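Undergrad: Listed here are the chains, written in short residue letters.
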Amino acid sequence: MSMTDRKIRVIIAKPGLDGHDRGAKVVARALRDAGMEVIYTGLRQTPEMITEAALQEDVDAIGLSILSGAHLIIVPRLMELLRNNGQEHIRVFVGGIIPDEDIPRLKEMGVVGVYGPGTLTDDIVNDIRRAVGSINPI
Amino acid sequence: MDIVQEALSGNRLALARLLTQIESDTNEGREALTTLFPHTGRAHLIGVTGAPGTGKSTLVNRLAHYYRHPPKDQSPKRVAIVAVDPSSPFSGGAVLGDRVRMRDLAGDSGVFIRSMASRGSLGGLAHATAGIVQAFDAVGYDVILIETVGAGQAEVDIARLAHTTLVVEAPGFGDDIQAIKAGILEIADILVINKADRPGVEITEKALRGMLYLHKPTASELHHHGGMNAMPANGMPDDEPVEGWQPVIQRTIATEGEGVSELVEHIAKHRTYLQESGVIKYKDRVRLKTDLDVLLREMLVARWRNDSNEQKYQQVLKRLVERKISPWLAAQELLSKGDEL
Chain A
0 MSMTDRKIRV IIAKPGLDGH DRGAKVVARA LRDAGMEVIY TGLRQTPEMI
50 TEAALQEDVD AIGLSILSGA HLIIVPRLME LLRNNGQEHI RVFVGGIIPD
100 EDIPRLKEMG VVGVYGPGTL TDDIVNDIRR AVGSINPI
Chain B
0 MDIVQEALSG NRLALARLLT QIESDTNEGR EALTTLFPHT GRAHLIGVTG
50 APGTGKSTLV NRLAHYYRHP PKDQSPKRVA IVAVDPSSPF SGGAVLGDRV
100 RMRDLAGDSG VFIRSMASRG SLGGLAHATA GIVQAFDAVG YDVILIETVG
150 AGQAEVDIAR LAHTTLVVEA PGFGDDIQAI KAGILEIADI LVINKADRPG
200 VEITEKALRG MLYLHKPTAS ELHHHGGMNA MPANGMPDDE PVEGWQPVIQ
250 RTIATEGEGV SELVEHIAKH RTYLQESGVI KYKDRVRLKT DLDVLLREML
300 VARWRNDSNE QKYQQVLKRL VERKISPWLA AQELLSKGDE L
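Residue numbers (numbering that gives the first Met the number 0), protein chains in the order written: chain A, 0 to 137; chain B, 0 to 340.
Hints may contain errors.
Said to hold, decoys possible - With a straight-line Cα cutoff of 25 Å, these simulated SDA-like cross-link-like pairs (lysine to any residue) come out:
1. 6(A) with 294(B)
2. 6(A) with 120(B)
3. 6(A) with 259(B)
4. 24(A) with 259(B)
5. 205(B) with 119(B)
6. 24(A) with 246(B)
7. 24(A) with 2(B)
8. 76(B) with 47(A)
9. 6(A) with 76(B)
10. 6(A) with 205(B)
11. 24(A) with 33(B)
12. 24(A) with 52(B)
13. 24(A) with 205(B)
14. 6(A) with 99(B)
15. 76(B) with 57(A)
Honestly, the hints are just simulated from the structure, not real lab data.
Note that this is a predicted model, so its numbers are computed, not measured.
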C-alpha cells in the first residue's frame with residue numbers, strides 16, 4: 000500500500016438531545032460510497048465526547064448533525080475544545096436545521112460548510128475532499 | 000521529541016497519529032513499529048469474534064468497563080479497543096459503527112478506542128491490525144480488546160493474534176449443524192452465549208457443548224491452517240506444548256452486564272493457564288513466524304514485480320486469459336525464465 004492510499008476519515012456525530020438521526024445516516028452512507036471511512040458515534044454526544052473520539056480516531060473532519068437549534072452553543076464549545084487539544088487541523092462541517100442568519104456566524108467560528116435540507120450529498124463529499132486535501136496532504 | 004517518543008510518554012494525540020501512519024503502512028509507520036517492537040509483549044490480547052448481531056461491541060464495552068472499574072481488591076487496567084468493521088468492496092469506504100455501543104467508556108482517559116476498516120483484508124481483521132495492537136501494547140495498555148468484523152465462519156486470524164479468543168454466539172443463530180461445521184467455533188478459548196435471556200438459550204448451549212467435546216485443534220493445526228502450508232515445517236519449535244485448556248461456555252446478557260464478571264474470571268484463568276503451561280510463548284512464536292512469513296511473501300512478490308518485465312507479464316497474462324496456458328504454467332513461466340525476453 001502506498002501513501003496515496005491514505006483514506007479520508009470523518010466522524011459523523013449527533014450532539015444535543017433530539018433523536019432524529021436519519022440525515023446523519025444518509026450523509027454517513029454517502030461518504031462511505033465516496034470511499035471515505037466514517038466513524039459513526041450515534042446520538043446524544045457532548046462536544047467533549049466528539050472531540051475525544053476525533054482524537055482517538057485521528058480523523059480529518061467532523062460532521063455535526065444538529066436539528067435542535069443548539070448550534071450556537073454546541074459549535075463554539077466544540078471549536079474551543081479542538082483548539083485546546085491541539086486538533087486545529089480537523090475541519091468541521093455542520094448539517095441540519097440552521098437559520099440562514101446563523102450561517103455566517105458559524106463560518107466565523109471556523110466551520111467550513113453548513114448544509115440544510117435539500118443539499119446534494121455530492122456537494123458535501125466534494126467540500127470535504129477539498130478542505131481535507133488542502134490541509135492534510137499526508 | 001519525535002512522535003514515537005511522545006506516544007511512549009503517554010501523549011494520546013501522538014499515539015493517534017502514529018496509529019494512522021501504521022495503518023497507512025507509511026515509512027514513518029514502519030520505522031515507528033521498529034522502535035516500538037522491543038516494548039511489546041506485556042499486554043493481554045483478547046479477541047472477540049462472532050456473527051453480526053450477536054452483541055460483540057456491547058460485550059466489549061462491558062468488558063472494558065469492568066477492567067476499568069474492577070472489584071475493590073483489584074486495580075483498574077488500562078484498556079485499548081481495536082474495533083474492525085468491513086470496508087465496502089465497491090467504494091473502499093466504510094461506516095465504522097462500533098463506538099455507538101461504547102458510550103459508557105467516553106471521558107475515561109484510561110480507555111483508547113480505535114476503529115479500523117478491513118480495507119479488503121479477509122479473515123476478520125485488517126492487514127494493519129497486528130501493528131496497531133503492537134503500538135497499544137508498547138505504550139503500556141494492559142488489556143487490548145480486538146473486535147473482528149462480524150462474519151462468522153472463517154475468521155481464524157484472530158486466534159493467532161490474540162492470547163485469548165472469545166467466540167460470541169446468541170440463541171437462534173443456527174442449528175447444531177452450524178455448530179459442528181469447521182472454523183470459528185474451533186478457535187474459541189471461551190464460548191460466550193450472549194443475549195442469554197432470549198428463548199432457545201438451552202438449545203444453543205447444548206449444541207455448543209456437544210461440539211466442544213468433539214474436537215479442539217492443537218496449536219500446530221491452527222498454524223497449519225494459516226495458509227503457510229508451502230513453508231517447510233522445520234521452522235516450528237519441537238517442544239509444542241500439549242493443549243491442556245478445555246474451552247468453557249459462559250452465558251452473558253451484555254446489555255445488562257450479567258455474566259461479565261464470570262467471563263472476566265474465565266479470561267484470567269485462561270491467561271494463567273497460558274503462562275503456567277508455556278503455551279503463551281509458543282503462541283507468540285507461531286504468531287511472529289506467521290507475520291514474518293506473510294511479510295516475506297509480500298516483499299518477495301513486490302521485489303519480483305519491481306525487477307520483472309511488465310511486458311512479459313502482460314503477455315503471459317493474455318495467454319492465461321485466452322486459456323492457452325493454466326495459471327500454474329503461467330506462474331512457472333514467469334518465474335523460471337526470469338526477465339529475459
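Undergrad: Hint by hint, note whether the structure agrees.
TA: Cross-check of the supplied hints:
About 22 Å separates the Cα atoms of residue 6(A) and residue 294(B), which keeps this hinted pair within 25 Å; it holds. The hinted pair formed by residue 6(A) and residue 120(B) meets the criterion: a straight-line CA distance of about 15 Å does not exceed 25 Å. Restraint check for residue 6(A) and residue 259(B): the C-alpha separation of about 36 Å exceeds 25 Å, so the hint is violated. With a CA separation close to 31 Å, the supplied pair residue 24(A) and residue 259(B) exceeds the 25 Å bound.
Restraint check: the Cα-Cα separation between residue 205(B) and residue 119(B) comes to about 36 Å, which exceeds 25 Å; the hinted pair is violated. About 40 Å separates the Cα atoms of residue 24(A) and residue 246(B), which puts this hinted pair outside 25 Å; it is violated. Our distance criterion of 25 Å between C-alpha atoms is broken by residue 24(A) and residue 2(B), whose separation comes to about 35 Å. Between the alpha carbons of residue 76(B) and residue 47(A) the distance comes to roughly 23 Å, so the proposed pair stays at or under 25 Å and holds.
As the CA atoms of residue 6(A) and residue 76(B) are separated by approximately 32 Å, the hinted pair breaks the 25 Å bound. Distance restraint check for residue 6(A) and residue 205(B): the Cα-Cα separation of roughly 45 Å exceeds the 25 Å cut-off, and the hinted pair is therefore not satisfied. A hinted pair counts as satisfied when its Cα atoms are at most 25 Å apart, and residue 24(A) with residue 33(B) does not qualify at roughly 39 Å. Simply put, residue 24(A) and residue 52(B) have alpha-carbon atoms about 19 Å apart, close enough for the 25 Å limit, and the pair holds.
Among the hinted pairs, residue 24(A) with residue 205(B) is inconsistent with the structure: their alpha-carbon atoms are about 40 Å apart, more than 25 Å. A distance of roughly 21 Å separates the Cα atoms of residue 6(A) and residue 99(B); the hinted pair therefore holds under the 25 Å criterion. At most 25 Å may separate the alpha-carbon atoms for a hinted pair to count; residue 76(B) and residue 57(A) meet this at roughly 23 Å.
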